[in-house]
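> Letter by letter, the chains look like this.
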Amino acid sequence: MPQVSIIDDDESLRGALVSLVRSFGYGASGFDSAEQFLAAGGAAGFDCIVTDIHMPGLSGIELKQRLAAAQDTTPVIMITARSEPALRERVRDSGAMCLLTKPFEASELIACIEQALVA
Amino acid sequence: MAARDDSGRAGAGDARDLLDLVHDSIFVRDRAGCIRSWNAASETLYGWTREQAIGRRVNDLLPLRRAERDAARDAQAIETGRWEGRLVRTAADGRTLTIEARWSVRRDAAGEVIEIIETGRDVTERREIEEALHRSEYRYRNLFQAMAAAFWEIDFAPIGSMLRELRASGVTDFAAHFAAHPDYVRAMIRAARVIDVNEQGVALFGRGDKPELLRDLAPFWPDESLPVFAASVLAAIGRKPNYVTETPLRTLDGRIFDALFTAAFPPESIAKGTLLIGVIDVSDRTAAEADLRHSETRYRTLFHHMPVALLQLDMRGLFVRIAALQAAGADVAAMLEGDAAFLDEILQLVAVDEVNQAALKLFGVTAPADLYGPIAPAWQVRPDTIRRSLLARLRGEIGYVEETKIATRDGRVVDVLYNIAFPPLLTDLGINVVTFMDLTDRVEAQAALQRVQADFARAARIATLGELTASIAHEVNQPLAAIATNGEAGLRWLSRPEPDIEEVRQLNARMVADARRAADIIKRIRGIATPSAPTRAELSVNALVEEASLFLAHELQAQGVALRLDLAPALPPVRGDRTQLQQVLVNLMVNAMQAMAGTRSARRAITVRSRAADDGVAIEIEDSGPGFAPEHLGSLFASFFTTKPDGMGIGLSICRSIIDDHGGRIAAANAPGGGALFSFTLSATGSP
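Chains as they are written, first to last, in the numbering used here: chain A, 660 to 778; chain B, 823 to 1510.
Everything labelled a hint here was simulated from the structure, so no lab data went into it. Since we're looking at a predicted model, the values are computed, not measured. Cβ coordinates follow ideal geometry from the N, Cα and C atoms, glycine included. Incorrect hints may have been included.
[Said to hold, decoys possible] Quick list of the computed label-pair ranges, beta carbon to beta carbon:
#1 A/Met660 to B/Ala1335: 25 to 31 angstroms
#2 A/Ala745 to B/Ile1344: 27 to 33 angstroms
#3 B/Thr1507 to A/Ala703: 56 to 62 angstroms
#4 A/Ala778 to B/Gln1381: 32 to 38 angstroms
[As the list claims (entries may be wrong)] Covered stretches of chain A (chain B as the covering partner; in silico rule of three or more C-beta atoms under 8 angstroms from a C-beta of chain B):
#5 666-679
#6 758-765
The shape of chain A in the complex, shown without the other chains:
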């Protein structure tokens, strides 16, 4: 069963995302910050990472940069409540697979995850 990690500081959204991903038949684990995710072993054991961008501490983009620096190529899907074009560009530059703007449809997220797992 493919494993997906969900990183978001908003407890309710994180819980919803974990539940949603599990309802599609994947395994899912939630983390409230990038630091907690890294401390728990990072990308090892995960097939895909879904992360919020704006969080206290490390941002989603910084997390992706750290993973890239450690030669970790686990696909990363980013979500944000913001919509500035500059942000979109920075996300693309970071090598993230997808960017979803909140609120998004469940089907959009699942499509991104499926795409990530194929890659």
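Once you've looked at the hints, dock chain B against the given chain A.
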């Protein structure tokens, strides 16, 4: 017309005859200032005959005092056609004359000046009197009004003879001689004779009999006043116009009193060998009597013409009632506090017995009698004022003031400043005077000002909301996104062949919580954007800081600013308007963020501190930005001052007006670490 004397000569024309009948000096001069006509009164006044005057330049004939030579005056007269004023001129015999002059300029058809006619009146004497009056007014203005002076005419001739003998004997320094020989001064006092004395003089020094005062000065002159007599003589010899001092004098009965002593040496008197002495009794006794005589009149005059409404109250009924209660051991203060019927009784016991014009206007009546009787009708709206006023009197205070409302007789309710004084003298007589100042205009102006300030503050809040739009959108989006995702996940679980009810229950619970979260955010924003009258409630400063932080949490995070709260526990509550005080905190924190946005500072941080201050709570907001330029520190709180390129400059001025309204102070400084430091204080609810 009458002034026309075209011949310029001393002819026998009708015009000149007419002019000679006039008591005022009238002369005509041409453009060059040469005298062309000179009437009989001018001859008398200035001492120059018509023949001597005609053809002379007026300023050569009658030199002006140096200080009065003024070309501008002549220019002004020619410009406007007239001039009026005083001139000090020297007459033919060298006397200095003060002339009240009036010039009128005559022109020909082409507008050229033909001549200037001067009408003049000798006011020398009047001026001297005025000056003397002015001098005495300097210290004795009231006394002069209050009492007449005693005047003596003294025959100085015997003293003149004594002095001539003294000089013949080789004495040249009279002052030294007088000082060394008091007996000589006593001898002069014995030599001087009173030849006349006015009615006040008889009343002050005598026993009702004028002839007994017509004698030498010895009985009136105590030894301690010898130097004053000597100085008067020296002043007379020195041709001083007068000599004024304060010295003790004695009545025929032997009473010694403080006198304001004036020796005057008018030329006419000197010629007759007499001098004039004026004496005013300035001892406390006389002054007090005069005061008493005048105080009644003064009181009446003041009472009726003061521009504030005055009511004289007859308190006797009330005082008798209170005395009886106290004699019976009753606690009148407690009765006032607790017994509404007792207050009603008081309002019937105190009666108005005199009112002034302003009171008639304030209470909307036409006749004073309309207001006489119990005070109750005026206090139907706010009887509590009378309760507090009377409690103040029972506590022994000397007066009581408060802003209150009175009911007028024509049905209005007026905001007034009520002021009652309890001076012991009046209170003993059972009289108290109440003043009312109509505050309608002031109250209305304040209300209008408060409305404007509230509007302004709201506009600023909305402007802040505008600046925070992105942050707010993000904040509202968060629970909405969570609701949507929870909902979708729930639907997914429900549509499985075996619905996982426990999973759906959890998702639903989160949705409810998120909906509440969204509603709270909307409520916060609405609180800021909705106009509302300022209210006062008891507030916790730390809660205010936490709420403002919550409001800005997303913005802070988005801008990468760390917020540190350093809040003292157990602070006293403050009294204030929650929305306004949050606005101040949000404004100052947004300001701090904006100040740091332009810097490359690695560590962007805002620290908010709260601590107990002298009589309340102090709040500080410190940032790690560049701080203020020293030249900006003084004007930060001024309206429309801004260092931001697109700022309106109203944020800080509104912060200040809000804090001022709350009775606090706001200040800006540079923090020791270099950033900006705003601080403000709020009074604790318990403090005055």
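> Starting from the range 32 to 38 angstroms, see whether the pair A/Ala778 and B/Gln1381 falls in it by beta-carbon distance.
At 35 angstroms between Cβs, range holds.
> Could you check the hint for me, namely that B/Thr1507 and A/Ala703 are 56 to 62 angstroms apart, CB to CB?
For A/Ala703 against B/Thr1507, whose Cβ atoms are near 58 angstroms apart, the range 56 to 62 angstroms holds.
> I want to verify a distance hint. Is the separation of the beta carbons of A/Met660 and B/Ala1335 within 25 to 31 angstroms?
Since A/Met660 and B/Ala1335 have Cβ atoms about 30 angstroms apart, the given range 25 to 31 angstroms holds.
> In this structure, is the beta-carbon distance linking A/Ala745 and B/Ile1344 contained in 27 to 33 angstroms?
holds, 29 angstroms
> Taking a Cβ-Cβ distance under 8 angstroms as contact, does the stretch 758-765 of chain A have three or more residues in contact with chain B?
Contact hint for the stretch 758-765 of chain A vs chain B: holds, 5 residues under 8 angstroms.
> Within the assertion that chain B covers the stretch 666-679 of chain A, do at least three residues meet a Cβ-to-Cβ distance smaller than 8 angstroms?
With 8 residues in contact (Cβ-Cβ under 8 angstroms with chain B), the coverage given for the stretch 666-679 of chain A holds.
Going through the hint list in order, the structure satisfies each hint without exception.
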